[in-house]
Amino acid sequence: MTLAPSELTIRPLSGADELGLFCGLSYVLDHELADDLATGRRRPEWMWVALRGDRVLARIAWWTGQEGAAPQALDFFDLDDTLPEPERGEIGRQLLEKAEAAVLPAGSARPEYGRFVPPDWREDPAVRDGVEARIRVMEATGARMLVERLRLEWRGGTPVPEDTGRLTFRPVSGREDLVALMTPVMEGTLDAHGQQDLASGLSSREAAEKHYDEEFAHFGTPQEWWRIAELPGGEPVGFVIPARNNYHPVLAYIGVLPAHRGHGYIDDILAEGTRVLAAQGVDRIRAATDLGNVPMAKSFERLGYVNFERAFNMTWDQP
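Numbered per my numbering, the sequence shown spans residues 1 to 319.
EDC-like, lysine to aspartate or glutamate: derived pairs with alpha carbons at most 16 angstroms apart:
#, residue 1, residue 2
1, K98, E45
2, K210, E187
3, K210, E176
4, K298, D267
5, K210, D197
6, K298, E153
7, K210, D177
Don't read these hints as lab results, they were simulated from the structure.
Make a model of the complete structure from these sequences and hints.
Laid out in structure tokens, this is it:
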């Protein structure tokens, strides 16, 4: 099915003043859009709509973490779920293909598609239908599911875990101090993105450096918050990266070295990261873990974190 050009207008926003038009459909990140535009994390030419008259039938947008950088993530893709199939899917496909051709630099890798969904999205038929419609459009353009993740939150008023004394904690002294510990953590990792990096041919060291340089290096909060966990004799056990991203206080990464897994140290390390951020007076701490990382999910649950949402990421195999 292909809609005639006269039936459908596909175009980018002409400027930030068309944000109201873009919000003709809704998503949980709508409240961030105005600030993202003001700070350069989004651009009007990265935000596209499919229109029939003045009715928004679909929309799409890309995001970057650093002003002036290329798109790093495809995080908005909404369809009018009152439309029947196959019309809904065909509109989504046309929008994705036309916008992508205009937004992404020629020959560049296609950023991952990420979507936040309710924690029980499979149990609600209407929500499931909408989620699966978006997945089908992505799959029709060659994307595959990479991972489904639990999004977790510690909320102010939740007891802050006390230090058990089993481990001691010191600040990270620099890039090499952390990368040297991240390297063995990458071996046997349950994290889907880490596994993807290794499957692409990167060594454990290269994967650790990539993660550091693409994420940790850009945090504006003090590196002194980052903690390395050690046994009383000084042997490193793991680490935690408390920080604040563009939107929330977060635990960006938690790792336990392979030789020390299975001893429950993850709870001690997670508790330390929580204490660091709670001491800053934050009212919430965000974190995430892959659905398949059961030990990490159980640790968050034991320490009072709430699974408030899920997320999934889809990726295109790069040539």
